[in-house]
Amino acid sequence: MKLVKAVIKPFKLEEVKEALADIGIEGMTVTEVKGFGRQKGHTEIYRGSEYTVDFLPKVMVEIVVDDADAEKTTDAIVKAAKTGKIGDGKVFVIPVESATRIRTDETGPEAL
Amino acid sequence: MKLVKAVIKPFKLEEVKEALADIGIEGMTVTEVKGFGRQKGHTEIYRGSEYTVDFLPKVMVEIVVDDADAEKTTDAIVKAAKTGKIGDGKVFVIPVESATRIRTDETGPEAL
Amino acid sequence: MKLVKAVIKPFKLEEVKEALADIGIEGMTVTEVKGFGRQKGHTEIYRGSEYTVDFLPKVMVEIVVDDADAEKTTDAIVKAAKTGKIGDGKVFVIPVESATRIRTDETGPEAL
Amino acid sequence: MKIKKYLLALLLGSSAFLMAGSLGAQELPVAEAADAVEAVADAIPFDEAYAAFMETPGAAFFTISNLWLLISAALVFIMHLGFATVESGLGQAKNTVNILFKNVFIISMGIITYALWGFNAMYPGFAEGSAGVFAMGSWFDVTASVDLMTSEYADYTWYTDFIFQAMFAATAATIVSGAVAERVKLSSFMIFATLLVTFAYPITGSWQWGGGWLSARGFYDFAGSSLVHGFGGFAALACALILGPRAGKYVDGRIKPILGHSMPLATIGVFLLFLGWFGFNGGSVLNADPYLVSLVFVTTALAAAAGGLGSIFTSWIFLKKPDLSMGLNGILAGLVGITAGADAIAPKFAILTGLIAGILVVFSIIFFDKVKIDDPVGAISVHGVCGIFGTLAVALFGDAAGFGIQLIGTLSIGAFAFIFSMIVFGLLKVTIGVRVSPEEEAEGLDIGEHGQEAYPDFANSSR
Amino acid sequence: MKIKKYLLALLLGSSAFLMAGSLGAQELPVAEAADAVEAVADAIPFDEAYAAFMETPGAAFFTISNLWLLISAALVFIMHLGFATVESGLGQAKNTVNILFKNVFIISMGIITYALWGFNAMYPGFAEGSAGVFAMGSWFDVTASVDLMTSEYADYTWYTDFIFQAMFAATAATIVSGAVAERVKLSSFMIFATLLVTFAYPITGSWQWGGGWLSARGFYDFAGSSLVHGFGGFAALACALILGPRAGKYVDGRIKPILGHSMPLATIGVFLLFLGWFGFNGGSVLNADPYLVSLVFVTTALAAAAGGLGSIFTSWIFLKKPDLSMGLNGILAGLVGITAGADAIAPKFAILTGLIAGILVVFSIIFFDKVKIDDPVGAISVHGVCGIFGTLAVALFGDAAGFGIQLIGTLSIGAFAFIFSMIVFGLLKVTIGVRVSPEEEAEGLDIGEHGQEAYPDFANSSR
Amino acid sequence: MKIKKYLLALLLGSSAFLMAGSLGAQELPVAEAADAVEAVADAIPFDEAYAAFMETPGAAFFTISNLWLLISAALVFIMHLGFATVESGLGQAKNTVNILFKNVFIISMGIITYALWGFNAMYPGFAEGSAGVFAMGSWFDVTASVDLMTSEYADYTWYTDFIFQAMFAATAATIVSGAVAERVKLSSFMIFATLLVTFAYPITGSWQWGGGWLSARGFYDFAGSSLVHGFGGFAALACALILGPRAGKYVDGRIKPILGHSMPLATIGVFLLFLGWFGFNGGSVLNADPYLVSLVFVTTALAAAAGGLGSIFTSWIFLKKPDLSMGLNGILAGLVGITAGADAIAPKFAILTGLIAGILVVFSIIFFDKVKIDDPVGAISVHGVCGIFGTLAVALFGDAAGFGIQLIGTLSIGAFAFIFSMIVFGLLKVTIGVRVSPEEEAEGLDIGEHGQEAYPDFANSSR
Ligand SMILES: Nc1ncnc2c1ncn2[C@@H]1O[C@H](COP(=O)(O)OP(=O)(O)O)[C@@H](O)[C@H]1O
Ligand SMILES: Nc1ncnc2c1ncn2[C@@H]1O[C@H](COP(=O)(O)OP(=O)(O)O)[C@@H](O)[C@H]1O
Ligand SMILES: Nc1ncnc2c1ncn2[C@@H]1O[C@H](COP(=O)(O)OP(=O)(O)O)[C@@H](O)[C@H]1O
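Residue numbers (the working numbering), protein chains in the order written: chain A, -4 to 107; chain B, -4 to 107; chain C, -4 to 107; chain D, 7 to 469; chain E, 7 to 469; chain F, 7 to 469.
In case anyone wonders, no lab produced these hints; they're calculated from the structure. No incorrect hints appear here.
Listed below are the simulated EDC-like cross-link pairs for lysine to aspartate or glutamate, each with C-alpha atoms no more than 16 Å apart in a straight line: (1) A:80 - C:101; (2) F:255 - F:447; (3) A:80 - E:449; (4) B:74 - A:100; (5) D:262 - C:45; (6) A:74 - A:10; (7) F:376 - A:45; (8) F:255 - A:45; (9) B:77 - D:449; (10) B:80 - D:446; (11) B:67 - A:92; (12) A:67 - A:21; (13) D:378 - C:45; (14) F:262 - A:45; (15) E:255 - A:10; (16) C:74 - B:100; (17) F:326 - A:45; (18) E:262 - A:9; (19) D:326 - C:45; (20) A:80 - C:100; (21) F:354 - E:147; (22) D:376 - C:45; (23) D:354 - F:147; (24) D:262 - B:13; (25) A:77 - A:9; (26) C:80 - F:449.
Based on the provided sequences and hints, a complete structural model is requested.
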């Protein structure tokens, strides 16, 4: 199994969710995060002093899928989350050794 | 080493923490997340229009343990977090290549 | 590629960010978390009853880097985040199989 | 269908209560009322008579006093926002909508039922010396003659009287709301609160302010340490006992505090309550007498401040660190403490009263936790315990009443509130239940009762 | 440079408007003003005359009434905080700074422009029976003679008159602010709000309160169900229509609610509005008459409470669960409903008025969502729809005016606000644009318009 | 044991101060006081005399005036909630409990110490022309004769005088609280605040309002631009200097803003302060004179509004984007600016005063940041700088006083506050220390000083 870990723009979450539903993904876990990257944030002024908003609000979506589904999951996210503008985010794929459903003790792909 | 990554119901955190303490786990990191899965959320009505609360509040517990402890950690979490009702969550196990304690520069299992 | 996952004290974030910039790291994702470890929290009193603040505020920094950079990234974080006091946190390194930049569909190290 | 249950239960409860209403010391003045209504019908006499009154020398004082009571009513009104924010601040985020909803409901329901029944049940005009105990209520607006709008009636109009008292009425239920928060079933609470405010509160109210048996015996409760706060506190105690503590509060003999989710909200609440109390006590002078109103402002503020200091230092000394939530409760304790004697306790003793109340409330909160009575906001201690203390303080630090009658009075009122609540809330428990399911409690009442979160913003982006 | 655009557009808009101002029923009393100013120059006569007045028997009532209106002005002022918190509570966190900023701007701008133009445009002293429609405004402080500071003028001073009315004026723009929230371009909104408050509001205001054509025909709008709330509601409707819904609100024919980010903020807002309304309606008696002011307090509170109950139970029955945000809107609906007839509707009918408004507002909110007019806070329903209903309620439940003129009045005022807004906001749309870019809307207006977050604390640690 | 240290230091500090108190222009009227107390003992004469007074024609105006001052006291009271929310909103979440706690403490302590010492030190009744500088204080309630409760005393009672002034007193310390937030040691601040409010504030107060040397020379400070705000601002400056900036604020010559954690809280605070200012200034008329009170309301509101606009457009033009926090500071700047001349500056100049203050405050905040004086909420600029400006504005835009004495007055008061604070806070620094440890500062004072978080909800689930 793989953990597909995507960092996306917050307002793209809904579209990503729907794109995943379309390819049959039923579960995911979402975290509010702050991102730092090429999208350098704004130079803002607060009470007269300039500062850079380095960290921009992003959403992290984590989905554990069967090995076979990792690529199409990645593709679906990439497609749905793309605006073409800087700061769209990344998708990482990380190996997962086991998965267990707490409710039923099922393990492996059945647990997803 | 393994990263045991569990998504559980928020009010089960205390019990999970105690169960882990019982098997000698001393460290963990907890994140507030929103989960999406079979537990479909409610259909609610806000100001007259129906909508689905897709994302339910969950808590993610991340614990890095020695390879040998991964299974018993998983078991302890599963046991403590179970309500038997849908939405109880999952436990994933992910390989970890190294761990370092910032304070002491210790690495490997000593760092945990 | 590797995912360098560090749990640090919140007020060290700025220094860690700068240390990473110094070694050329351009992207990272940051999450507010609560940590539990040897630093046992305080015993506090709320409205007359004692309790332990088990979970202390921490910040989790996640950075995906080229295999070659994992070590120097870890080192940079360890150095910047150290106060020498208990609770400084940990750095974990986790293997990553693929990375994709959503904006450009680039994959692999180019995506970082 | 919770809602239908609510309406049904309300109906049944009300009628059962009404049928039981035969202890009355007074008949509904139906005939008189009818006359009066007719009299009003031809409006000219009212206008003329009223205009004539407004020309009299006394009209200026009447106008000022009336205005002061109206402003006081507005100040007491804002206390309901104070309660709403204190309670939600000291509760968990997952129950915030529920707490706010209850407060919105209580003030709305309280004003309406006080018009429909409460006002005339509380001020029945017991015959002199009748030592009245109970009277039927009725629609508040039975007449609108000139007698009711001029100093014939009081230093304020009948309408002013109603609105000022109506704002007080809902307070009792709000106090209970805090103590039962985070676990009480919404529909049951709404029924209970309605019955408490509509029927129970006016009864004890009539004992003193309606000219009933307590007032006949020289009991003194200026603005309601017992009649409002003690009453609410003891009703809260009964409900908290029946309901049991929140899950996870007392585990294996240990007390596990459940922290409030927003200290700014709690602080806003206490400052608003302090503000409102200037109307609560200041308005209870029932006119704008410069000496009395200013004395009451001074004693009220001194007691509140001393209560705050009392709690701050008590918590600092005995609980290791200065506890903000205790400081906040201390201010309220001081305010409740001075309420019974705000016009009858000298400033220096007002400080003492506040100080004692502020110290008392800390130990009282610890005590109730020790005996495992779970009260998320400290309502029983602040209103119940300090309500009793404040009533007794009138005798201890002033000479407006004797200790004996003060004790009898405060205990009678507390006992009535306690027993009434035990019966009604007990009946609700065995019928429709008073507590949400453990699952709902764990998940939070906001989702369970309202399908709404207080701070839904993150999930939001996903709709 | 948005800011320069703003200043320029404002200038152009104002002058265009001023040039159009030829319907005036009255000339600017330049000569008189000049005389008066001179008269004031030698201060002694004023001081003496004023001192003499203060010795008269009527001075006491005058002083009380004046004080009551000033206190009312303060109460109406706090409604602006109520609006600010209701709106930001019902908006998303990412637009909170923007909403708060608009409210800070509106109250600041409103008071100043009302001094510069509005007050004298709204109270032009149309000649008796002139059925005036429009008058030029001017600097409010044209004279300061003793006539303006004593009961020669009214039961309050000229200054009191100004400040009380100024606090009302900004309300209209605030209502619009809620309906266009989360997508309107800041500079355009600021221009629009300025023109609306400065020029449009005083016009319809003068029709009734300035002694214009509606008042000549017996229209009755005690404190502004139509003149303030209906006016604001219909301006809001026009703007919401021109602006279109927020992205993601109506997708594929489905309504996707966008939840408010803080229910405590929204609740604080409604309680503050309820509080302020005691000044809004109570002050509109325009003196401290005990009978009238207390009646108005009672009808206001009863209608608000009934509105709350109406909405709570309507939402419970028809929408499955008791919706806090609907309960809050219901209280406001009841308040808007009673505003036109607070002194002319008997208490029992005040309850009915509030109840109907509370029920109405639920269905109205659902209706506007059905027809895809996106109004984040329900401003069109609360102020527009219940404003009309309240105006008609005067005829339905009282006898202060006939149904016909009430209908004509409320529709005329609504139509004027609607058309004015359509034109001005439409012009802004085709010139500088009225809506932020989709990117900015997605990211939030706080970052886009202000470069500031409302709750920046987490990112904070990284600076 | 911080707490013991506090109590000890307080004792020592107080007695040191008391021993130094020999500049007094007046003896404690012990004998008179004793007489008076006796006189009160037989209560009948008081009741009779008071009743007789209430029958006099002047009683109506007295009653109204007294009521207005009491209501003003309540309005000034709510400013403390305003300060608490502004400060905590502009601070970081991790220091919120600490900020709220300080405000709860200050108001409680302020009222009590003002009763014990301050009131009688501030209003010592310097002999005519004595040009008094310092007087001993004492328990406020030295007598309670009829003279003190009727117009013999003033247009309000002695009690009203006390409570109105007591609400002002704590303000000075609250201003300091904002400037030293997020790094000051709690116990040291509490000692400092106590000494400042108890001893220092009444001294400068007595110079003007107590009939001392400044009032003898024709200084004019209507409601306290200098006596309250300037005083607080300069005390804040001294403390901020001694304390040094927050860690991470000025790094390598760059200014790194530390953002406030909740803009809604900050906005709530400013609206509440604006509201309270109607009592602060309006009540300072010291009676209910319709002309003066209404004029003061108008100038106050116009200056606040102009201040808001001034800051909004200044920040927009010079700082790129419209900054909400600057708009909020601008309103406060306008209010502080008009406070000295609210009854002596014509409305059009009130606008000008507010506008200048609003512009000034933006540059002042930038200036203090440039010179690395860290003031989290802008207290030094808002209260100190605009306090001076407002005092001078009296001479610039009105004719109540000359420029020279205004300058001397405001500088004397500022200097006294500055020097007093330098000495006392400096002494605290070298003895028990005034700053928390760097670790505690990094972690937040909520955990360090109180062991309590402001928003603990998440961690909550784990207890
Ligand atoms: N190396 C990285 N490791 C972890 N997260 C990253 C990394 N680089 C970028 N991110 C995340 O992706 C987000 C977008 O990256 P950014 O470089 O700004 O734009 P883009 O994705 O268009 O290249 C960042 O805000 C951050 O959250
Ligand atoms: N494939 C997945 N990847 C990541 N997280 C998941 C996945 N499936 C479920 N989850 C998480 O587990 C939680 C519970 O899953 P759910 O399907 O609702 O119930 P159950 O665990 O009883 O099967 C979800 O809310 C989500 O946070
Ligand atoms: N085994 C673990 N797995 C995951 N996170 C851990 C683990 N141990 C510690 N942590 C995280 O690291 C933080 C610091 O650990 P702690 O044991 O308190 O101090 P130190 O890092 O000095 O040993 C904890 O608060 C927790 O967030």
